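Visitor: So you can see what is in the structure, the chains are spelled out below.
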Amino acid sequence: MTTANPNAAQAHARAMAGTQVEAMPTVPASAAALLPAGVAPSDMVWAETLAPGGYGAKRLDRGARLQLTDLAGDACASMLVFNAERPVERLNVADTLKVQWNAYLGAGKLVLSDMGKVMFSVLEDEAGTHDAFCGASNAATNAARYGEGDNWGPHPNARDRFSLALAKFGLARRDIHPCVNWFKGVKVEADGSLTPQHGPFAAGRRLTLRAEMDLIVVLANCPHVLDARADYSVTPLRVSAWRGPVTPLDDPIRNATPEGLRAFLNAEAEYSR
Amino acid sequence: MSDPLTGLTGPIARDDIVPARAPWDAVVRKGQTLRIVDLEGNQAVDFLMYALADDAERYSAQDTIVAQGNIFLRTGSVLLSNEGNAMATVTGTSVAYHDTIGGACSCESNTLRYGHHTKSQHACVENFLQANARHGRGKRDMVSNINWFMNVPVEADGALGIVDGISAPGLYVDLRAEMDLVAIVSNCPQINNPCNGFNPTPVRMIIAG
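Chains A and B supply the protein sequences, listed in that same order.
So the first sequence is numbered by our numbering: it starts at 1 and just counts up by one.
So the second sequence is numbered by our numbering: it starts at 274 and just counts up by one.
Treat the hints with care, as some may be off.
Said to hold, decoys possible - Covered by chain A, according to a simulated footprint, are these stretches of chain B (three or more residues, beta-carbon under 8 Å): (1) 316-326; (2) 455-461.
Stated by the list, open to error - Now the in silico label distances, taken between C-beta atoms and shown as ranges: (3) B:283 <-> A:168: 43 to 49 Å; (4) A:189 <-> B:394: 33 to 39 Å; (5) A:42 <-> B:436: 49 to 55 Å; (6) B:432 <-> A:28: 32 to 38 Å; (7) A:108 <-> B:393: 38 to 44 Å; (8) A:189 <-> B:407: 54 to 60 Å; (9) B:342 <-> A:38: 49 to 55 Å; (10) B:278 <-> A:249: 42 to 48 Å; (11) B:432 <-> A:18: 50 to 56 Å; (12) B:392 <-> A:168: 33 to 39 Å; (13) B:394 <-> A:27: 47 to 53 Å; (14) B:277 <-> A:249: 51 to 57 Å; (15) B:406 <-> A:59: 25 to 31 Å; (16) A:85 <-> B:394: 23 to 29 Å.
No wet-lab data here; the hints were simulated from the structure.
Owing to the predicted nature of the structure, the values given are computational and were not obtained by experimental measurement.
For glycine and all other residues, C-beta sits at the position ideal for the given N, C-alpha and C.
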């Protein structure tokens with residue numbers, strides 16, 4: 001096809017429509033071929049597969065479910081979370097662990113903000129290997145392992161992915177807070193040393209979160225910063241989100257611990273207007 | 274260490290007593306040593322650092338943990354920034370290890386940890402916000418910090434918590450700045466857990482070189 005004049009260039013551009021690749025969003029999300037079980041298409045709000053090295057971000061309403069699927073067993077979902085209407089409130093990994101008296105995230109655990117509120121509940125976890133200690137790779141760590149780690153190269157790092165994602169919400173480098181890494185784990189030994197749990201794992205492991213506030217969630221799918229493999233090893237990450245009811249007062253996760261219950265009470269107070 | 278200045282070289286640029294519960298901040302130039310002395314023992318000193326030249330570059334607990342493969346800070350630990358650069362090195366300490374996973378106490382997290390009756394108590398985040406405001410920084414500049422003289426073990430079953438301290442009166446930590454930086458401190462006012470032995474006390478901050 002010629003692209004020598006605007007009309008021909010338009011025809012050339014339009015001929016691309018309908019192309020399907022693995023890593024792409026489906027819009028509207030209701031048209032997604034890979035619907036989570038039991039979810040009505042009309043409830044879908046986000047359906048996207050993030051490429052190896054890719055990133056994505058979405059504003060989610062309170063009550064929304066966010067399901068991450070490690071499609072091929074080697075995804076690493078590094079996550080930032082912000083209060084959508086006041087992003088100066090964000091995920092706090094230290095509080096998330098300290099308040100729950102535990103070092104590890106998994107089913108029934110909460111993701112907490114720096115203002116004493118629950119941001120996400122973990123509804124379902126088929127992985128059991130997650131990490132709140134190691135954070136994101138950055139340009140220096142990727143350069144050391146892969147030779148370079150730039151956004152415009154083949155080995156993008158999670159921190160620089162976050163930086164791009166945040167810029168699109170009017171946020172910047174100083175808003176990149178310590179993150180959690182889903183699907184790639186690390187275990188803390190008695191002497192404080194770290195034992196990676198990096199797989200690769202069975203394909204298709206799922207993690208389902210419930211938004212307990214109106215959120216901006218940011219995901220980067222880059223190799224875990226401690227991944228020792230010389231090659232840039234990461235596989236696609238499926239992201240699905242759908243509308244759901246706000247957590248009822250008798251929810252078992254809400255009432256599981258006194259600390260967690262107070263995190264729900266504080267979040268509920270935020271929306272008591 | 275009978276004399277708190279033992280081993281420090283060069284002129285003394287600052288020698289401050291930080292009252293119990295108070296914030297403190299200082300510029301530490303590359304090559305200078307910041308000595309923090311736990312005067313009365315088991316006093317958590319919550320600590321953040323920002324690069325003087327570009328304060329979007331700041332201490333990163335996660336990068337520091339990754340680089341040394343360990344959650345505890347000890348002699349030899351290199352404290353890294355969020356950009357992967359060395360900000361400071363722990364050149365010596367008379368305490369076996371220090372914490373960088375426990376974060377800072379806040380009025381808001383205190384309501385979760387202890388109940389809403391603690392909401393009005395002073396907290397480290399309040400100190401960090403006040404000290405950072407002097408440099409034009411705000412809440413978005415808050416990140417995971419260091420807690421000098423605080424003990425946060427992780428048990429084999431995943432249990433994690435602030436437990437009785439392993440410091441004692443007169444114990445210290447020395448940091449050598451590897452870049453020009455701003456140190457922001459909260460002399461922790463927490464009274465609901467053992468991080469300060471349930472009794473916040475003063476600490477001494479000395480900058481030499």
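Visitor: Now look at each hint and say whether the structure bears it out.
Guide: Checked hints:
no.	hint	in the structure
1	316-326	violated (count 0)
2	455-461	violated (count 0)
3	B:283 <-> A:168: 43 to 49 Å	47 Å, holds
4	A:189 <-> B:394: 33 to 39 Å	35 Å, holds
5	A:42 <-> B:436: 49 to 55 Å	51 Å, holds
6	B:432 <-> A:28: 32 to 38 Å	45 Å, violated
7	A:108 <-> B:393: 38 to 44 Å	31 Å, violated
8	A:189 <-> B:407: 54 to 60 Å	40 Å, violated
9	B:342 <-> A:38: 49 to 55 Å	42 Å, violated
10	B:278 <-> A:249: 42 to 48 Å	59 Å, violated
11	B:432 <-> A:18: 50 to 56 Å	53 Å, holds
12	B:392 <-> A:168: 33 to 39 Å	35 Å, holds
13	B:394 <-> A:27: 47 to 53 Å	48 Å, holds
14	B:277 <-> A:249: 51 to 57 Å	55 Å, holds
15	B:406 <-> A:59: 25 to 31 Å	29 Å, holds
16	A:85 <-> B:394: 23 to 29 Å	28 Å, holds
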